[in-house]
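K.L.:
Top to bottom, those sequences are chains A and B. Using the numbering used here, the first residue of the first sequence is number 1, and each one after it goes up by one. Using the numbering used here, the first residue of the second sequence is number 1, and each one after it goes up by one.
Be a bit skeptical, because a hint or two may be false.
As the list claims (entries may be wrong) - Simulated pairs of lysine-lysine, DSBU-like, Cα-Cα distance not exceeding 35 Å:
no., chain 1, residue 1, chain 2, residue 2
1, A, Lys-45, B, Lys-83
2, B, Lys-195, A, Lys-45
3, A, Lys-45, B, Lys-147
Claimed, not checked - Quick look at which bits of chain A chain B covers, simulated, 3 or more residues with Cβ under 8 Å:
no., region
4, 65-73
5, 101-109
6, 188-196
Read the hints as simulated data drawn from the structure, not as lab findings. Computed from a predicted model, the values in this text were never measured in an experiment. Backbone N, C-alpha and C define an ideal beta-carbon position, used for all residues, glycine too.
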Amino acid sequence: MTCQVSAEVLSAYLDEQLDAREARELGERLETCPECQARLESLRKVVDSLRSINELPPPSTLHQAVARRIALADEPPSLLDRFEQSLSLLNRQNPILAMFGVVIALGLFIYLFSYSLQLHEERDATIPVIFQDPPTAVADPAAGSRLTVAERNLVLSEEGLWVEEGLLVEDGVAADSVSRSIAFDSDAGRALLTAHRELAELAELGRGVVLELDGEVVRLE
Amino acid sequence: MAAIMVATSAASLSSNPDLDLATRHRYGDPQAFEEVYSRYAQMIFNLAYRMSGHLEQAEDLTQEVFLRIHRHLGRFNGRSTLKTWVYRVTLNHCRSKLGRRKYPMQPLADENDGEGANLVDERRDPEDRAMARDAGRQISLALRQVKPVFREAVVLRDLQGLSYDEIAEILDVRVGTVRSRIARGRERLRVVLEKAS
Numbered sequence: 001m002t003c004q005v006s007a008e009v010l011s012a013y014l015d016e017q018l019d020a021r022e023a024r025e026l027g028e029r030l031e032t033c034p035e036c037q038a039r040l041e042s043l044r045k046v047v048d049s050l051r052s053i054n055e056l057p058p059p060s061t062l063h064q065a066v067a068r069r070i071a072l073a074d075e076p077p078s079l080l081d082r083f084e085q086s087l088s089l090l091n092r093q094n095p096i097l098a099m100f101g102v103v104i105a106l107g108l109f110i111y112l113f114s115y116s117l118q119l120h121e122e123r124d125a126t127i128p129v130i131f132q133d134p135p136t137a138v139a140d141p142a143a144g145s146r147l148t149v150a151e152r153n154l155v156l157s158e159e160g161l162w163v164e165e166g167l168l169v170e171d172g173v174a175a176d177s178v179s180r181s182i183a184f185d186s187d188a189g190r191a192l193l194t195a196h197r198e199l200a201e202l203a204e205l206g207r208g209v210v211l212e213l214d215g216e217v218v219r220l221e
Numbered sequence: 001m002a003a004i005m006v007a008t009s010a011a012s013l014s015s016n017p018d019l020d021l022a023t024r025h026r027y028g029d030p031q032a033f034e035e036v037y038s039r040y041a042q043m044i045f046n047l048a049y050r051m052s053g054h055l056e057q058a059e060d061l062t063q064e065v066f067l068r069i070h071r072h073l074g075r076f077n078g079r080s081t082l083k084t085w086v087y088r089v090t091l092n093h094c095r096s097k098l099g100r101r102k103y104p105m106q107p108l109a110d111e112n113d114g115e116g117a118n119l120v121d122e123r124r125d126p127e128d129r130a131m132a133r134d135a136g137r138q139i140s141l142a143l144r145q146v147k148p149v150f151r152e153a154v155v156l157r158d159l160q161g162l163s164y165d166e167i168a169e170i171l172d173v174r175v176g177t178v179r180s181r182i183a184r185g186r187e188r189l190r191v192v193l194e195k196a197s
């Protein structure tokens, strides 16, 4: 005859997890069923064996290894890493959305790039203006006149002499106040270029400049 | 330093030491994590070892678990005990890592074309041979042949010594389910050990 007591009941009995009725029934059964007793003993041996296993101490290097990994994890990820992570996460969650995002980003980049090129071209088309604030008097050997330039506003970039942005915009009316023009290749123009090397540079670049000469706004071109 | 003082003063108002530990960690007190490490390193390592079956892998898993704990301890909300929380983090990580490459399981003799699962087979790796010298070698090897879902329950009950209620909370199942899983795990072990002897 096969014992009908379940393994679960025997296991729970060892842990004193049976309710009163279950425990009573099993107790009665054990008194009359050698098979039940054998199974219970067999199971008890397994549990005793399990509980006799000693815990292993963690490796001596563990603490240091944990500290090292935490220190590494605390380092902030680079911008590229974060971008890759975001892209990877997005890609996992929704590849189509990720592709769409990349296309949008690319389009935005191209738009901004072309816009900056356009701005650059517009700036090139504008004649730079030099004002006298604060006035720095420079003797003009050519005409005995006084040329005033605001040298602090002159910046020498890769493109040559330029006027700082902002000044030109704020005083854009100055270009309308030009009373006369002086050609680079005229006597007066050559004299100015000789006296002011920055202006000579402008001439080499083929650019004109508006400046104040003896209180008069003139265009050198 | 000021942050730590704030945390310490806040912690002194709480009646939950586990929550205080988490608060101190959140405010940057390095001693808080050290305390967690010293309390749970052995437990985590042994649990990882019993679930993976390999010492080296257990060490890797333990490091990763502590990395998770360090990252998330500040968000511990005190709804369970810290011990339960740490167990849950550890088991979840083991499942996640070991699940991908299948839990290490070896088939029983009757499931593998008659080839017996020789629990003391000296042809196995050096770790196994070393384990064979241990008193509990057969049990350790037999555990590898128990399905993870039952192995978890048996390890938590008989090796970690947790109560049914604690196991139910860690595994997020009913106590009745715990009882059933423990029983099935033990029964499987009994069969494996009988075949081996």
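K.L.:
All hints are to be evaluated individually against the structure, with a verdict given for each.
P.N.:
Consistency of the hints with the structure:
1. A:Lys-45 - B:Lys-83: Holds, at roughly 29 Å.
2. B:Lys-195 - A:Lys-45: Holds: Lys-195 of chain B and Lys-45 of chain A sit about 15 Å apart, inside 35 Å.
3. A:Lys-45 - B:Lys-147: holds, 20 Å
4. 65-73: n = 5 at 8 Å, threshold three: holds.
5. 101-109: Violated - the region 101-109 of chain A has 0 residues with a Cβ nearer than 8 Å to chain B, which falls short of three.
6. 188-196: violated (count 0)
Violated hints, listed in ascending order, are 5, 6; each of the other numbered hints is respected by the structure.
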